[in-house]
Amino acid sequence: MSRNLVELVRRQHTVQAPTALQVLKAAMDARGEITDEDRRLAAEASGLPEAAVYGVSTFYDDLRAPRGRRHIRVCTGTACWAATADAHVDSVRDGLGLTLGERSEDGSVSLAETVCLGFCHSSPAIRDGDRIDAGPGAVERLLGGTTADAAEPEWISVLEEPVLTRPGDWSGLARALAELEPEQLLAEVKDANARGRGGAGFPAGQKWEFTRASPGEQKFIVANGDEGDPGSYIDKYLIERNPMLLLEGMALAGYAVGAEHGFVLVRSEYPHSKPILEAAAAQARELGWLGEDIAGSGFDFDVTVLEGGGSYVVGEETALLACVEGLRGTVSARPPFPAQKGLFGMPTVVNNTETLINVPFIARNGAPAYRDLSPGGSPGTKLICFNERFARPGVYEVRFGTSMRELCEDLAGGLIDGHEIKALQIGGPLGGILPASRLDVGFDFDALKAEGCMVGHGGIVAFDERTDIRALARHLLRFGAHESCGKCFPCRIGLTRAYEMFGAEQPVERARLEPLLETLELASLCAHGSGMPAPIRSLVAHFPDELGLI
Amino acid sequence: MQVTIDGNSVEVSSETTVLEAIRSLGGDVPTLCFDQRQAPFGACRVCLVGVEGAPGPIPACTTPCRDGMTIDTEDATARRVVKAVVELVLSELPDPPAEHTELAVVARGLGVGEPRWTGRRHEVRHDQRHPYLAFQHELCISCGRCVRACDEVQGAFALTATGRGFDANVAAGLDAGFRNSTCVSCGACADTCPTDAIIEITLLQMSDVP
Chain A
2 MSRNLVELVR
12 RQHTVQAPTA
22 LQVLKAAMDA
32 RGEITDEDRR
42 LAAEASGLPE
52 AAVYGVSTFY
62 DDLRAPRGRR
72 HIRVCTGTAC
82 WAATADAHVD
92 SVRDGLGLTL
102 GERSEDGSVS
112 LAETVCLGFC
122 HSSPAIRDGD
132 RIDAGPGAVE
142 RLLGGTTADA
152 AEPEWISVLE
162 EPVLTRPGDW
172 SGLARALAEL
182 EPEQLLAEVK
192 DANARGRGGA
202 GFPAGQKWEF
212 TRASPGEQKF
222 IVANGDEGDP
232 GSYIDKYLIE
242 RNPMLLLEGM
252 ALAGYAVGAE
262 HGFVLVRSEY
272 PHSKPILEAA
282 AAQARELGWL
292 GEDIAGSGFD
302 FDVTVLEGGG
312 SYVVGEETAL
322 LACVEGLRGT
332 VSARPPFPAQ
342 KGLFGMPTVV
352 NNTETLINVP
362 FIARNGAPAY
372 RDLSPGGSPG
382 TKLICFNERF
392 ARPGVYEVRF
402 GTSMRELCED
412 LAGGLIDGHE
422 IKALQIGGPL
432 GGILPASRLD
442 VGFDFDALKA
452 EGCMVGHGGI
462 VAFDERTDIR
472 ALARHLLRFG
482 AHESCGKCFP
492 CRIGLTRAYE
502 MFGAEQPVER
512 ARLEPLLETL
522 ELASLCAHGS
532 GMPAPIRSLV
542 AHFPDELGLI
Chain B
19 MQVTIDGNSV
29 EVSSETTVLE
39 AIRSLGGDVP
49 TLCFDQRQAP
59 FGACRVCLVG
69 VEGAPGPIPA
79 CTTPCRDGMT
89 IDTEDATARR
99 VVKAVVELVL
109 SELPDPPAEH
119 TELAVVARGL
129 GVGEPRWTGR
139 RHEVRHDQRH
149 PYLAFQHELC
159 ISCGRCVRAC
169 DEVQGAFALT
179 ATGRGFDANV
189 AAGLDAGFRN
199 STCVSCGACA
209 DTCPTDAIIE
219 ITLLQMSDVP
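Protein chains in written order, with my numbering: chain A, 2 to 551; chain B, 19 to 228.
Hints are not guaranteed to be accurate.
To be verified - Restraint ranges, calculated between C-beta atoms of paired labels, are given here:
| no. | chain 1 | residue 1 | chain 2 | residue 2 | range |
| --- | --- | --- | --- | --- | --- |
| 1 | B | 134 | A | 438 | 29 to 35 Å |
| 2 | B | 139 | A | 542 | 29 to 35 Å |
| 3 | A | 100 | B | 219 | 36 to 42 Å |
| 4 | B | 70 | A | 180 | 42 to 48 Å |
| 5 | A | 192 | B | 84 | 23 to 29 Å |
Said to hold, decoys possible - Simulated coverage check for chain B against chain A, where a stretch passes if three residues somewhere in it have a Cβ under 8 Å from a Cβ of chain A:
| no. | stretch |
| --- | --- |
| 6 | 63-75 |
| 7 | 86-99 |
| 8 | 104-115 |
| 9 | 172-181 |
| 10 | 185-193 |
These aren't lab readings, by the way, just hints derived from the structure by calculation. Note that this is a predicted model, so its numbers are computed, not measured. Positions of the beta carbon are idealized from the N, C-alpha and C atoms, including for glycine.
Extracted from the complex, chain B is given alone in its bound form (with noise of 0.2 Å):
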């Protein structure tokens, strides 16, 4: 089947995702919970895209290419939502992220300012009671891709999502930290994440943090 992406056709096959047929053509939509080595999540609502004849955005991670689909990464629709999504997740969290991080770049990419919406953020809470992994619960945006690392890519279903609504968040075990679970200290989990929540602790001493 073909689709057209901003101008341009693409065959792609009935299996292929919307955000892969606009990768496969060199494009970029930014995403947050996306990692190719785990199964779409659509939890961040940041890869959302235009499509001629849809009634709103769609989010390109999770919805299979049809043929004939005429895709706009650049509607003004989905620009403006995705922003407001960014500024949200912003306003959320106690300080902005470390400009490293994948959060910082696409807020950036997006030119993200102050976010028009304030509010209760994510209380300050530190574990670093594992040798070689430290988690900042306050920097945890709920994208999942640890809890995915872990259980889709290691196997070792140590994480899990915790809370709901405004208090979800990420737990090793039973909440213990990372050395009274099944955690394997592969690390997958801190390789994922996209705002330095989980992190390894030779980087932690290197930055600030405390």
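Only chain A is shown next, with the shape it has when bound in the complex (with noise of 0.2 Å):
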């Protein structure tokens, strides 16, 4: 993307015009198809030229798959594959006749596969429609034509005073106007040393003082809740359960580094947060928590929910602000970075969702209290989340240093039905294979960095001890390969390519997995394809002759 683009861009978002993506997602929502009528209504509404609108179409999946008058997405995640290996995919496909991205001929019924629906605490997920069905007899049910609701477990906070899990209650805001000056909110959060908690783990204080320094007409906050991580569904939990502390949290920022408008990207995949997080929003609106004036300091800030369209790489930060753009969703070369020129060319902080919402405790409390949450630990507190393989799945509030088995065994209860595990997948897709082996490092950044994991984003999946390791890997360079945004040439030829090496029958050789790996780790533009390598590489380590390796 160019950078007249995001010019035009611009200037059609000061005159409220919808972006490109929101129209190509109403007409798909409303006809199940996207025509080329389409694209140019949504050209004249978006003020995008016709071929940039047709390239936004050709990108997301939700634009992709044409949709019947029932549309079923059959969930294809690493949490849903821990569970049946991809046996659920076949026997809805099998069960349907249809191929997935398939529509029935007489357009009453679709099949298309999504990743994830964040039901990974009772694989295998399947949405009809907007319904969500998950857990054993899923697939029957929704052959049958009884497709229910499944459940979603409580999360639970080992604090005895949460600080996540709290429901936000503006109390932070309300002591930052009264007693901080935009200044001092903005060392105090500096001084806490609160890490970014999408996966990257990058200080917030520096990119907010990043982002107050540089010089812009506007500044915009923008909440990364594009958790596209394979079997992670915290930002769900927190969207949807806390959507109070994500505001404020989001104002926080705003009024630290001098913004009035902050947006949030929700998933697509996760039908019920964007209005969730909208009814919040009113209803922050209506006890002037957001607006104009807040609480009489006559600081302003409001909001504005967006939803994605099907993307992963849309997580990483410019990709996301391409997506909210409603342009394609790829990645640009940093610098200049989002607090140099993000939003509409404009000065922007890009937090995920958890972070943000660590910063009203810390505007409330002080950065010494917050410090002082995870005794030995990096500061804070974290969510994570457990897959369908442990007795007890659900969100969980940890303290960092906690070690894995007790996080695995204490907290989760270990595996059902008398399994056990061979492997844990943490902090998503680009997270590294910890073997059952060394489940005794403790849950922090420096720690599992040094074991070739990392903390990510908290999603925990563990494999059983019946897991196929080449089919793990086939499994993790599958998505790769398709989530793969196209931009730089190493992660977009090279990940279909080592995804080819692990899909042939024929023995895999170190001689050309090696320099393929490295190339990836080292010349691909962002984190996913310089990620993708870090599992491959743990199971080199560790299950080398399950791999079939040379």
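Work from the hints to combine the two standalone chains into their complex.
Dropping the structure here:
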């Protein structure tokens, strides 16, 4: 995408035109397919050139597969894979007589795959229209026409006084507006050393400081709710169960850096997130916590909620901004960083939603109290979640530094039905894989890094003793290749080649695998291409024989 | 500020990219997605160079110079990785690129032979509906130069990147050919294309392409 296109979008935004992505999504929802006429209308409404609209319509998963009157999406995420090794996908495909991405000739039913529905606690998950069914019997209910809403477990905090699972009450913003200058709030967040919770672990205070210092007519806060990690449903929980705390965190970020508007991008795979968050924003406006002159302080702040279109890489911050602008969700080279030139070319804070919900505690209680939350570990607390293989799957708020064994065995109760952990994938598809023999490592940024793993976004997916390691490598690389945005050459081609190596029947030659992984790691533009080798390297290190390496 | 490139020092401004600094000294590194008439894009990763103290190679085209930077254009890791990237690019084409193309020149310069990785290749798809411009989609390597030429240089916005991942490509308008788009037949896309995916029709007629 070029700078001219971004400027074009900025001008359209100032006249409140809808984005091309929004118009195309609405067309898909209304008619189940996108025609050239829809693209022309989207170009007219959004002010984008027709070619650019065409490019958008070929990028997002939600815009590509035609939909029948009944549209079924089967989850191919890693938790569902860990549960069935994709048997549920085959059953649905055979039962409906459709391939993935196909619509029946009479238009009555269509089938697509989706990664992931965020019901990793009760796999396999299947979406029938906007209803999500999951767990044992989901396939049979779908085929029998009796799909039911799957239950979601409560989230649990191990802290006596929860930080992230405490319902937002705007007390942090109230204190900040009454007692702290923006610079003081910024200093407090920096002093708290809150690290980004989206995967990269970058200190939030530093991002804010850069944004505050960057010149710009306007500044923006963008909350990254595009938690695409297969096997993670943390953002889903925090957005749908604690929307006020997220809005409060965004308002605090706006106050600290001098922004009056925020955007939240939520996933379309979570159909309830946008309406829940919009209802919370409307309530916050009624209460006077969003809007003009909040609590008589003279500070104005409001929030717009947007929904993505089905793309994992849109979780990368520059791609996220492109998606908010309604453009193709491809990655841009940094610098310039979003703090310098972000949304519509203006200085922008992009924080993960979980990072932002840490801020109200800091604003209310100060940095020292925040740093004390995890004695001996990284500051603050962390939300983690477990997949269906565990006896007590769900979202938990925990302290940093707790050992993986305690988390998996004491908190999540070990695996169901007497199964044993063969390996864990921690922190998403770019996270390394920890074999069962290494469970005593602490859950923390540096400790996990030493094991070739990462905190990432906090999703913990267990693979039991029956898991075919080569099939796991294939599953991960299929996802990686499918989700590559196609911008940089190493990722665009290299992930497909890596998938092909493990997809073939032949043994994988180390002499060809190693330089391919190195090229992905060192040459890719973003963490998708450079991170996908991490789990493969773990498998090479811990399960070389099962991988079929020569 | 001052940077050192392969042992030679040069004064640069803070706006200067590493690639500009290298070229200002008469040196060079290969590029595929870079065209000096356009904003740097950072897609091909063929301009990677070594920088002292950096954890890995950095792209010269999108990295601004920092005072005291020590740049090695012959860094062994960077050269090894760049060669692999070009191999990957060759592996997606149904046939080797024509010898005169920028891609072929870069591949020869790096001594790239048969790709070590093979698999799916681009599907052959030709569009010759325009009287002056022909499009051979299978030769497209998604460098984005034609899209940016159309947008940043010509201001016609007739081209777009399409698809994603391995299926990424380029289309004019609503993918119904140049004639059914806002194309003004300026030829800037063909001029910048490093693989002959877009070519002026007279040149096409002179070549052996069907």
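Cross-check of the supplied hints:
no.	hint	in the structure
1	134(B) with 438(A): 29 to 35 Å	holds (33 Å)
2	139(B) with 542(A): 29 to 35 Å	holds (32 Å)
3	100(A) with 219(B): 36 to 42 Å	holds (39 Å)
4	70(B) with 180(A): 42 to 48 Å	holds (47 Å)
5	192(A) with 84(B): 23 to 29 Å	holds (28 Å)
6	63-75	holds (count 5)
7	86-99	holds (count 3)
8	104-115	holds (count 4)
9	172-181	holds (count 8)
10	185-193	holds (count 7)
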